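Please take these sequences and the hints and turn them into a complete structure.
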Amino acid sequence: MDKILEIKNLSKSFGSRLILRNVTLDIHRGEIVGYLGPNGSGKTTTIKLVLGLLKITHGEIKICGHDVVKDFETAIAHVGGIVENPEMYPYLSARENLRQCARMYDTKIGEERISEVLELVGLSSRADDKISKYSLGMRQRLGVAQAILHRPELLVLDEPTNGLDPAGIKDLRDLLKKLARETGLAVFISSHLLGELEQLCDTVAVLNHGAVVGVRSVNDLKKGRSDSLSEVEFTLSPVSVASDILKNNGIEATVEREILTARLKHEDIPSTIYLLSLNGVKIWSVVEKTRSLEDAFLEMTTDLRADDEAMKGASK
Amino acid sequence: MKGLLKNEILKVVSQKGYKILLVIFAIYVILLPIFNIIGDTILGGEQSAEDYYESYLESAEFYEEMEYALDAQYYRDCAGALSFFIDNNLEDWKYERMFNEDMGAIFPDSFIEESEMSSYCDFYLRARAFEYLVGGKYDAEQLYNSSYYYYLSEYFYSEGNYYYYDREWLDYAGNPIECPHTSEDIAKMKKNALEELETVSGLVISCNAKEILNDYAEYATGLRESAEHNLKVKKNGGTETEIYIAERNFDIYKMAEEMFILISRECDSLDDWRVGFSISFLQAYSVHSSYTDVVVSKEEYIRELSYMYESYEEYVETTTQGIADAEAGIKVAHYAVMNNIPPEGIDTSTKQNLRDNIISAADFVMIFSVVLSGTIVASEFSSGTARLLLIRPKKRWKILLSKLSCVLLFHVTLIGAASILLTGLGIVFDGVGDVFANDLFYINQNVIELPSIIKTLGVITLATIQALPIISLSFLLSVLTKKSVLSFVISFVINGASSIVQTIALILITEAPLLKFTILPYLKLIDFRFTSSDLVIDEIAGEYFSLDMLFGGSLGSLLTSQTNVWLAIAIVLIHSCILCAIALQHFKKQQI
Chain A
1 MDKILEIKNL SKSFGSRLIL RNVTLDIHRG EIVGYLGPNG SGKTTTIKLV
51 LGLLKITHGE IKICGHDVVK DFETAIAHVG GIVENPEMYP YLSARENLRQ
101 CARMYDTKIG EERISEVLEL VGLSSRADDK ISKYSLGMRQ RLGVAQAILH
151 RPELLVLDEP TNGLDPAGIK DLRDLLKKLA RETGLAVFIS SHLLGELEQL
201 CDTVAVLNHG AVVGVRSVND LKKGRSDSLS EVEFTLSPVS VASDILKNNG
251 IEATVEREIL TARLKHEDIP STIYLLSLNG VKIWSVVEKT RSLEDAFLEM
301 TTDLRADDEA MKGASK
Chain B
1 MKGLLKNEIL KVVSQKGYKI LLVIFAIYVI LLPIFNIIGD TILGGEQSAE
51 DYYESYLESA EFYEEMEYAL DAQYYRDCAG ALSFFIDNNL EDWKYERMFN
101 EDMGAIFPDS FIEESEMSSY CDFYLRARAF EYLVGGKYDA EQLYNSSYYY
151 YLSEYFYSEG NYYYYDREWL DYAGNPIECP HTSEDIAKMK KNALEELETV
201 SGLVISCNAK EILNDYAEYA TGLRESAEHN LKVKKNGGTE TEIYIAERNF
251 DIYKMAEEMF ILISRECDSL DDWRVGFSIS FLQAYSVHSS YTDVVVSKEE
301 YIRELSYMYE SYEEYVETTT QGIADAEAGI KVAHYAVMNN IPPEGIDTST
351 KQNLRDNIIS AADFVMIFSV VLSGTIVASE FSSGTARLLL IRPKKRWKIL
401 LSKLSCVLLF HVTLIGAASI LLTGLGIVFD GVGDVFANDL FYINQNVIEL
451 PSIIKTLGVI TLATIQALPI ISLSFLLSVL TKKSVLSFVI SFVINGASSI
501 VQTIALILIT EAPLLKFTIL PYLKLIDFRF TSSDLVIDEI AGEYFSLDML
551 FGGSLGSLLT SQTNVWLAIA IVLIHSCILC AIALQHFKKQ QI
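Chains as they are written, first to last, in this note's numbering: chain A, 1 to 316; chain B, 1 to 592.
Please keep in mind that the hints were generated in silico from the structure rather than gathered at the bench. Note that the structure is predicted; figures quoted are calculated from it, not measured. Errors might be hidden in some of the hints.
From the derived model, a few chain A residues whose C-beta atoms are all more than 10 Å from chain B [stated by the list, open to error]:
1) ASN22
2) LYS70
3) GLY81
4) VAL83
5) ASP165
6) GLN199
7) VAL241
8) THR254
9) ILE259
10) PRO270
Selected chain B positions facing chain A (Cβ under 8 Å, derived; list incomplete) [claimed, not checked]:
11) MET1
12) GLY3
13) LEU4
14) SER383
Across the chosen pairs, the derived CB separations fall in these ranges [to be verified]:
15) A:SER115 / B:THR518: 55 to 61 Å
16) A:GLY15 / B:ILE359: 49 to 55 Å
17) A:THR183 / B:ILE582: 41 to 47 Å
18) A:SER125 / B:ILE578: 49 to 55 Å
19) B:GLN585 / A:ASP2: 36 to 42 Å
Where is the CB? At the ideal position from N, CA and C, for every residue including glycine.
Shown next, in the form of structure tokens:
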């Protein structure tokens, strides 16, 4: 798969304060990558570095193979972006704002494309209103419109769902998925709404204290590591017999309110059901408890915090 | 770049604040010619001679309290002179006051002290001339209506300077010194002067216009013959310098003869502009002859003028410039009379009104341009749009240059549009007048007649370029601080102080010549429109009826004695470019 964005050993410091540490990340064509991290972890800084708004202290960023520092104009021509709030000129209409953006590209972007993009983000009916009259949600949608206007290969979005209502969030999610699927657009999206990324992204990079602590597929994150045990809840009877059977077979099991919870590997679930049935246990339901992205995120960042504290303690 | 510029222009014209400013500007431009009419008819007579008389006395009292005896005496003399105009119901005080205030506005008090009484003695002595003439044989009203009254007073001024010897003598530092003349000398000079004045006055009052003019033609012929004879004598045994001076004097007298013969032949009334105009000619002639005499005579300098100058060399330099200015005036005057080119009246020239209005409009445009340049970058940061603007495939210097180009485009377009509008409105309200009459230019010691549009374009150019440093400063501050209001307010404050800074720089420039390579003497570039010689845009030809131009008594001549308009324009442009280059450099590295 083509690499659209390559971030290698990226570091950024303001004076003596190190904001980003050796961030390395690749995004491929058609891939939607979420960028997760607590407040102040360096998400917006990374995005500003990708878009050339900040100067790189160390490392390199390439967009479609073009270095952002050495070949800024070519690299940035492949990117559309929103950084923080998508502020546009309030005294112009949405259409006029998009015309302003269109004139900044060497390739001709005509009125048809502008209308098409406005239609895509659902602003056609208000296209000629001054955007000072727009709600925050409408401005966000216009922000997305200006970002995709020139048909970029990479979309960089910093907290794009801010101010959107649930329907708006869903529309945006559907739009991004469609663009990624149909046009091969790669999307690099930061958000503090973990659930949002869970539904949108293929991959999530977790950032903590300026360092990427993990890059995982959403499915892996949710399930945890493949060799790890997940909790499986059984509704069955008799509970005490079932508990004994599992314990005799070396499986950890607890009972609470007539529900038996066993800690199993995902691939061991069918054989466990078979074992219980064979021993006359009646099974009404089996539920494997998957981890939410939030659990995974907290787990990863907590691990790192613990590591940090350990390091601090050692250095003392 | 074209797309970027279009973006910037559209942003400006779409913003309500700028739209309001442009509407106010349009109203201001439309009202300017109307203000002229109102000003001419109402404001011109707003303050009476009595008002000025009171203000002179108040100033005199103020300076007495401050123990500035020289200044106090100056204002007492002004009041005394003005009382004469009031008593005799003469309107001429307006011109006198204007002339006087021009001098006072240009030179600070210290300068007046240093140049001693040069600025007020003429005012004082002209008044005394009237007093003498009226108190003697002649009727004030008759004199005033003769159209020659001013000439008489001027004549008295040149001759009557000898009365000045009775006054306290001061050196250039303002310290009292002993009078260098004996009382017998003074009495003799006074007697001669009075006889001269009696002759001329009698001639003016007793004769009709034709007789006077014929008399002058004969007088001029006599001068020319005398000069011709003198030249022959000098050529047969004089020094090189003496021959040079004799040649120049002969040329001048020959021109005088030609002019007066023409006037005496063609003019039937003293009201003919050419008759009045001969006064200017004689003024210039007077300066020329007095300067040429003194320059070659160090003894004369030591005897007569050493108290006013620090050295003979300084005086030679001053008088050399004076001769050049006087000769320019004489040549222009001669050309105008011989070719029947009427002068621009000080108050009635539609051409001059137009140029003044363009300068006023340019001042307003400067306000617009400084606000725009202070806002055009900073507003992108304050509104957050810079984050979207700078993630486009355009180099930052192109983005910034498009913004600067937008400001300059508005600046030039608005001044151009205002100039066209003012020309049209001027014709509607004031009539065509002399708007399309040719101007006289004095270039390389030759008088040339060119269409008036050239000088008007010169005024427009100076007014346009003058604002560039302050626009660039506002632009730079906008990039550095990212704060719109702060940027243009600081720029306006600096601009407000520019007149004072320029005057101080011009005074210091003689002591520190390197100052001419800084921007300080050129902050008000438009002052170059007053310049007298060496320049293509040469005001002396346009306003040759104004006597102070012939004497070079303006800030313009102070400018050109030390530098020239081309150096000024170059330095203004270089400074503006430096400010913009700093802005560009900072913007390229700016992190957002």
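Hints, verified against the model:
no.: 1; hint: ASN22; result: holds (20 Å)
no.: 2; hint: LYS70; result: holds (13 Å)
no.: 3; hint: GLY81; result: violated (5 Å)
no.: 4; hint: VAL83; result: violated (5 Å)
no.: 5; hint: ASP165; result: holds (22 Å)
no.: 6; hint: GLN199; result: holds (27 Å)
no.: 7; hint: VAL241; result: holds (65 Å)
no.: 8; hint: THR254; result: holds (53 Å)
no.: 9; hint: ILE259; result: holds (52 Å)
no.: 10; hint: PRO270; result: holds (52 Å)
no.: 11; hint: MET1; result: violated (11 Å)
no.: 12; hint: GLY3; result: holds (3 Å)
no.: 13; hint: LEU4; result: holds (7 Å)
no.: 14; hint: SER383; result: holds (6 Å)
no.: 15; hint: A:SER115 / B:THR518: 55 to 61 Å; result: holds (56 Å)
no.: 16; hint: A:GLY15 / B:ILE359: 49 to 55 Å; result: holds (50 Å)
no.: 17; hint: A:THR183 / B:ILE582: 41 to 47 Å; result: holds (44 Å)
no.: 18; hint: A:SER125 / B:ILE578: 49 to 55 Å; result: holds (51 Å)
no.: 19; hint: B:GLN585 / A:ASP2: 36 to 42 Å; result: holds (38 Å)
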